[in-house]
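The chain contents come next:
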Amino acid sequence: MNSSLPWLVLLAPLLSAALITVFTRRSKKLSGFLSCAAVLASFTGACVIFARRDASAVALNWIDFSGIFTVPFGFVLDNLSRMMLVLVSGIGALIHIYSLGYMRDDEGKSRYFAALSLFMFAMFGIVLANNFVMLFIFWELVGFTSYVLIGHWFERDAAADAANKAFITNRIGDFGFMLGILMVWMSTGSIVFADITPRLSILASHPAFLTITALLIFCGAVGKSAQFPLHVWLPDAMEGPTPISALIHAATMVAAGVYMLVRVGFIIQASHTALLVIAWIGTITALMSALVATQQNDIKRILAYSTLSQLGYMVMAIGLSSNNAAIYHLFTHAFFKALLFLAAGSVIVALHHEQDIWEMGGLSRNLSITFVTFLIGALALMGCPPFSGFFSKDAILALAYEHNMSIFVVALGTALLTAFYITRLLVVVFLGHPRSHAARISRESPFVMLGPLIVLALFVIVGGSASFTRRFVVIPQEMGFFESVPLLAMSALVLGAGLAIASYKGHGSETFDLDLLRRRFYFDEFYRWLIDWTQELLARISAFFDRWIIDAGAVRGASGGTWGIGSLLRLLQVGNLQAYSFLFGLGIVALIYFAVFR
Amino acid sequence: MLPFIIFCPIIAAILIMAGVPARKTALVASILTLVMTLLAFTLFEGGQRGFQDVTSLTISADWGLNFAVGLDGLSLVMILLATIVTAAAVWFAGKIDKYENAFYACLLLISGGAIGAFASLDLFFFYAFHELALIPTFLLIGIWGSGNRSAAAWKITIYLALGSFILLIGLILLYQSVPVASRSFDIRALQAAAATGQIGAEAQRHVYLLLLIGFGILVSLFPFHTWAPEAYASAPAPAAMLHAGVLKKFGLYGLLRLAVPLLPEGARYWTGLLVVLLLGNIIYIGLVTIAQKRLDWMLGYSSVMHMGYIFLGIASANILGTSGAAILMFAHGLSIALLFAIAGEVRKRTDTLLFDDLGGLGKVMPFAGLAFGLGAFAAIGLPGFVNFAGEVMIFFGAFQNGWEIERFHIFQVATGLGLWGVVISAVYMLRAYRKVFMGTLGARCNNLVDLDRSLRLPVTLLVAALLWFGFFPQSFVRIVAPAFQTYFSDNRPP
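Residue numbers (my numbering), protein chains in the order written: chain A, 1 to 598; chain B, 1 to 494.
So that you can see chain A by itself, here it is in the shape it has in the complex (with noise of 0.2 Å):
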């Protein structure tokens, strides 16, 4: 029993999304029911595994070339891999069951929830896989249903070029990723994580080989987690389902950079320069981000620069060489950011899918739960406590205190800058008047979408309680003498809270109008013009060298070479049968003479 449990957990989604496409499209209640199940299905079971822990599964060889190259279908069921099963099967319940809700009249619910429980299976796929290329592989597939996703209303245009965006971005991460994972295959000669740990004396002899190493794996994370220069595709993801927004793009698929970067930690955290590159990367992307989102208009926007900027917080965390605290953060982000992406997503439902927040206003009045759970959740982010977001973030504040110092002040602006956007949100979209008919009208959401949010707001609350988190992860010592850290987190707290209810109470407007924060920095301008003039225009240059340089030399070459040959062919119609078969017997005829002949 124990050892068919992991394989359970991996294919009951896989199964849902196979029974939904092939049988169920047209039923769509059925195929959410499916999906519904599978998922719960596989909560149970990673509820047990994490409670038993004895669990064990039999690997099976995927690919066999005996002594040459074998790729195992095995899994890792340590403390970190079970942790992460019970928290994405979790939260990933809770989206099932509010997406049911989200998208009642959605016309391609279907589709919806047969990618959703494809995703769950390469999620699972991901945390549990033991080597290398198995974790390649359901990472592309976790990439594949975000494209799916993201473009699930695909008769939109932005939706269609967000979706393949989001794409073609991962794949250039993947891209030194593969490369990596090469090299870490020809020097080791193994692609399984435990048996590469013991020959690693091999990869330290050649410290320059090693960071090179290093820093390609973690391309591969750069572009998942959409970290910088990658980071382009994740905001504009949001032109998805909101709650796909909240599971994949906010809790669990985003995160499973974090996650590879502390699985193959034993190669990563063995180069001192790579490891300062991270921390460097996660670090910008940490401030950039939080600056953006302090001058976006979107709800969902800036719900998203805020992921990005704590994904950078936990990159850096491993950077500064604490697997431990960027788990930790992992762990509280999943469940804060979740919630309000959900919270996010009533207000939107509730105004008729209006996602400009100045177009909200006051809407504490009439969605007062949402509200509620919306305000925990933001407490969270901006590291308010008793709230599980202060005691992860304040563990790598303390970490970069106590390693880097200009990285530390860095993510201490990013923290209040934290604060100053998270409430500069709650004060326009929920304070203040209506500033919208639909705003002054809307009614809160079904039950089936506000039981997860509570449910979410929740652990948000108790996830503040050391007592519960040290059950499923590993709380980074707490440094007394860096009393100093708290307290200069709590005043960037206050400062930047206040400062944005000084400037957005009782106001209708922006009140600071940044254009190169608006403007996300010109990042999308930027790549734009850099495609243009590189591979567009290396694209069109190919095309035509093929076509009037190659194309029409090389027919020139075989029909004009020679007039003798040239009229022959011409005397030769298209279509008639016996030209051809006279060109057949011609060759034969010379096969044969070679062979009498010889």
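In case anyone wonders, no lab produced these hints; they're calculated from the structure. Keep in mind that the hints are not guaranteed to be accurate.
Said to hold, decoys possible - Simulated restraints on C-beta separations:
no.: 1; chain 1: A; residue 1: R443; chain 2: B; residue 2: A464; range: 43 to 53 Å
no.: 2; chain 1: B; residue 1: A464; chain 2: A; residue 2: L276; range: 44 to 54 Å
no.: 3; chain 1: B; residue 1: F408; chain 2: A; residue 2: A194; range: 45 to 55 Å
no.: 4; chain 1: B; residue 1: T352; chain 2: A; residue 2: D78; range: 36 to 46 Å
no.: 5; chain 1: B; residue 1: V35; chain 2: A; residue 2: H352; range: 53 to 63 Å
no.: 6; chain 1: B; residue 1: K24; chain 2: A; residue 2: L30; range: 32 to 42 Å
no.: 7; chain 1: A; residue 1: R104; chain 2: B; residue 2: A464; range: 48 to 58 Å
no.: 8; chain 1: A; residue 1: L40; chain 2: B; residue 2: K24; range: 35 to 45 Å
Said to hold, decoys possible - Pairs of lysine to aspartate or glutamate residues, derived as EDC-like cross-links and limited to a Cα-Cα distance of at most 16 Å, are as follows:
no.: 9; chain 1: A; residue 1: K29; chain 2: A; residue 2: E155
no.: 10; chain 1: B; residue 1: K348; chain 2: B; residue 2: D452
no.: 11; chain 1: B; residue 1: K363; chain 2: B; residue 2: E265
no.: 12; chain 1: B; residue 1: K95; chain 2: A; residue 2: D161
no.: 13; chain 1: B; residue 1: K293; chain 2: A; residue 2: E536
no.: 14; chain 1: B; residue 1: K348; chain 2: B; residue 2: D450
no.: 15; chain 1: B; residue 1: K348; chain 2: B; residue 2: D97
no.: 16; chain 1: B; residue 1: K293; chain 2: B; residue 2: E202
no.: 17; chain 1: B; residue 1: K24; chain 2: B; residue 2: E100
no.: 18; chain 1: A; residue 1: K29; chain 2: A; residue 2: D157
no.: 19; chain 1: B; residue 1: K363; chain 2: A; residue 2: E536
no.: 20; chain 1: B; residue 1: K363; chain 2: A; residue 2: D106
no.: 21; chain 1: B; residue 1: K95; chain 2: B; residue 2: D357
no.: 22; chain 1: B; residue 1: K363; chain 2: A; residue 2: E107
no.: 23; chain 1: B; residue 1: K293; chain 2: B; residue 2: D356
Ideal Cβ placement from N, Cα and C applies to all residues, glycine included.
Guided by the hints, dock chain B onto chain A, whose structure is given.
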């Protein structure tokens, strides 16, 4: 059993020309062949070297001419590909307006010729079966094609006739390079001669180059590729499915069957050239594909581009790489057949494949959108489809060639660029999918009807094969790897 698999389509073609109902006969014959091949696949004993199910018939003892056919892992995979694609292509063909019998006879002849070439153990029949399959391809484009069909037919005829001719010279020289005492048309005898070092190094270099160019032209190796997109754009969909999916693989099969194992020194000598040319396929053609403005041309070029990966596996000349090449040949054949089939259905309805005229088809033709999407993601190597398994083996096989830690040599660079090609293929494929099936509905796309329900069967057949072997690639590895173990070894990491 094997002679039945080869001659079932050919006899059916003859019957159809004699006047029996074309579509029904073709369907029955192709499905019967498929079933027999699946049976042969199950009965095949994995893990063994050498040929199984060998049938030999002396045609002329004086000329040393034998009709000899047999199966090893490589030929079995190729025949499985041929029979699956044939069944799908025949099913997709539907009603033909003019000369229906001739059309179906041509399809079956391509199929029978390709299967015969893959099964032949005799050089003469190896070559003759391929020629038998080429002629109906020209006819299909010239008579039933669309657009500028006669120009396209001419171009492919000239190119492929030239390729076949160079190949013929190469084969003859190969035959003559063996000492008189052991000369034979029999591939097994040639293998034995090559294994005992009877083919001189000098001769190997000359012959290998001829075979590389001859086979290369047939597979659209850069820079001999320009016939492909134009021919596929003009060809009726079933012809494009069969040629791009199956017949084109003959060149790659020939390299794997003859050139690399028999002429290892020649292969080593020309490795640099082959790597440069195959990078032309991957990077340069990849860029050309991005710039295409029509769906059929885009698909044609993408098929040329993907040949680069198979060449990379062949160039790596080790068990991992060549097995990956064989598996990717199978995978690419199925996925490109699916894509051409759906593109053909779209063209039937819209009368255009210009990206600018299309858009939002997923809304009005959801099943076509699903099928094309599956084919597209298979083609760009999404895990779960067998294409990914093949690509992984090729990348790992190529990367280990000449490996030194901290130093990148030609194969490491080629693998790196090949990996970048994976990004390029995602760009053009997703862009095309977005332009045709997503976004706002195109001007001509109102009131289109989705694929006929009966077409679900061939689509399911292709997708199921892609997924089944994608989930369980070991079922190929266990039969393909032994086929290469005789010739290749692997440079294992420490």
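Outcome of the hint check:
no.: 1; hint: R443/A <-> A464/B: 43 to 53 Å; result: holds, 48 Å
no.: 2; hint: A464/B <-> L276/A: 44 to 54 Å; result: holds, 49 Å
no.: 3; hint: F408/B <-> A194/A: 45 to 55 Å; result: violated, 28 Å
no.: 4; hint: T352/B <-> D78/A: 36 to 46 Å; result: violated, 56 Å
no.: 5; hint: V35/B <-> H352/A: 53 to 63 Å; result: holds, 56 Å
no.: 6; hint: K24/B <-> L30/A: 32 to 42 Å; result: holds, 38 Å
no.: 7; hint: R104/A <-> A464/B: 48 to 58 Å; result: violated, 33 Å
no.: 8; hint: L40/A <-> K24/B: 35 to 45 Å; result: violated, 49 Å
no.: 9; hint: K29/A <-> E155/A; result: violated, 23 Å
no.: 10; hint: K348/B <-> D452/B; result: holds, 12 Å
no.: 11; hint: K363/B <-> E265/B; result: violated, 56 Å
no.: 12; hint: K95/B <-> D161/A; result: violated, 38 Å
no.: 13; hint: K293/B <-> E536/A; result: holds, 13 Å
no.: 14; hint: K348/B <-> D450/B; result: holds, 11 Å
no.: 15; hint: K348/B <-> D97/B; result: holds, 13 Å
no.: 16; hint: K293/B <-> E202/B; result: violated, 46 Å
no.: 17; hint: K24/B <-> E100/B; result: holds, 12 Å
no.: 18; hint: K29/A <-> D157/A; result: violated, 28 Å
no.: 19; hint: K363/B <-> E536/A; result: violated, 29 Å
no.: 20; hint: K363/B <-> D106/A; result: holds, 14 Å
no.: 21; hint: K95/B <-> D357/B; result: violated, 26 Å
no.: 22; hint: K363/B <-> E107/A; result: holds, 11 Å
no.: 23; hint: K293/B <-> D356/B; result: holds, 8 Å
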